[in-house]
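Participant: Below are the chains, spelled out letter by letter.
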Amino acid sequence: DTEVTQTPKHLVMGMTNKKSLKCEQHMGHRAMYWYKQKAKKPPELMFVYSYEKLSINESVPSRFSPECPNSSLLNLHLHALQPEDSALYLCASSQPGVDRFGSYTFGSGTRLTVV
Amino acid sequence: AQSVTQLDSQVPVFEEAPVELRCNYSSSVSVYLFWYVQYPNQGLQLLLKYLSGSTLVKGINGFEAEFNKSQTSFHLRKPSVHISDTAEYFCAVSGGSNYKLTFGKGTLLTVNP
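For the protein sequence lines, the chains are L and C, in the order given. Per our numbering, residue 951 is the first one in the first sequence, and the count goes up by one each step. Per our numbering, residue 22 is the first one in the second sequence, and the count goes up by one each step.
If you're looking for bench data, these hints aren't it; they were derived computationally from the structure. Everything numeric in this text was worked out from a predicted model, so none of it was measured. Hints may contain errors.
[What the hints assert, rightly or not] Here are the simulated SDA-like pairs of lysine to any residue, each with C-alpha atoms no more than 25 Å apart in a straight line:
hint	chain 1	residue 1	chain 2	residue 2
1	L	Lys959	C	Ser49
2	L	Lys990	C	Ile104
3	C	Lys121	C	Val34
4	L	Lys990	C	Val34
5	L	Lys990	C	Thr123
6	L	Lys988	C	Asn62
[To be verified] Beyond 10 Å from chain C on every Cβ pair, some chain L residues (computed):
hint	residue
7	Thr957
8	Met963
9	Met965
10	Lys968
11	Met977
12	Lys991
13	Leu995
14	Arg1013
15	Leu1028
16	Leu1040
17	Ser1053
Here a beta-carbon is modelled for each residue, glycine too, at the ideal position from N, C-alpha and C.
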């Protein structure tokens, strides 16, 4: 299995809703990432988990809450989002090691619309 | 800190023509450089990477890139493009062990028949 699977593929939520995005990989990768991508823009790093511990938080607002329950699963909990949070949310994973720096496997993303 | 600059936001070419997508980097430490491709409505896929060693790097789908330290460049090339190469291409840089990957703004390659 060489894939990162993200669910759901599309999500529409109101500003008062609570929802979660899910990301799963079975490649044995020990680093996992959340990126946010607005239309016609590059991906922007949000969070990095290394060996199931949060290692980087790029000053993301608290309405986004990441969780890494185990080495295969990464969640992003969403609460009280704003319309400007509408974007493609990408999950990625990689294997630590000098020869693996930057060699990410990306999922296809969840397209989130906040209404 | 490290950054990359992609010099062209859009590159239109005809099918079977050669193409070069330009990328310049800036870093105060050793860098690791990457090219990723994003097809419409999909995630990103790694095309190739430079970590060390040979400055000419070959990747998937017939793409190659050359690391030029003196010009701080990492341009992506393909000798003959296909319609299916139409996509957004991102140059990216990593400073090393903190796992952080920084992307350029992207170049939209459009291959016309």
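Participant: Against each hint, give a clear statement of whether it holds in the structure.
Facilitator: Comparing the hints with the structure gives:
1. L/Lys959 with C/Ser49: violated, 39 Å
2. L/Lys990 with C/Ile104: Between L/Lys990 and C/Ile104 the Cα gap is close to 20 Å, so the pair holds against 25 Å.
3. C/Lys121 with C/Val34: violated, 33 Å
4. L/Lys990 with C/Val34: Holds - the C-alpha atoms of C/Val34 and L/Lys990 are around 20 Å apart, at most 25 Å.
5. L/Lys990 with C/Thr123: holds, 16 Å
6. L/Lys988 with C/Asn62: holds, 12 Å
7. Thr957: holds, 13 Å
8. Met963: Holds, because the least Cβ-Cβ distance between L/Met963 and chain C comes to about 20 Å, which exceeds 10 Å.
9. Met965: Correct as stated: the minimum Cβ-Cβ distance to chain C is 25 Å, above 10 Å.
10. Lys968: For L/Lys968, whose nearest Cβ neighbour in chain C is about 25 Å away, the distance exceeds 10 Å, so it holds.
11. Met977: Answer for L/Met977: holds, closest chain C Cβ roughly 13 Å.
12. Lys991: violated, 7 Å
13. Leu995: violated, 6 Å
14. Arg1013: Answer for L/Arg1013: holds, closest chain C Cβ roughly 23 Å.
15. Leu1028: Per Cβ check, L/Leu1028 is outside 10 Å of chain C; nearest 19 Å; holds.
16. Leu1040: Its Cβ does come within 10 Å of chain C, the nearest being 6 Å, so this is violated.
17. Ser1053: violated, 6 Å
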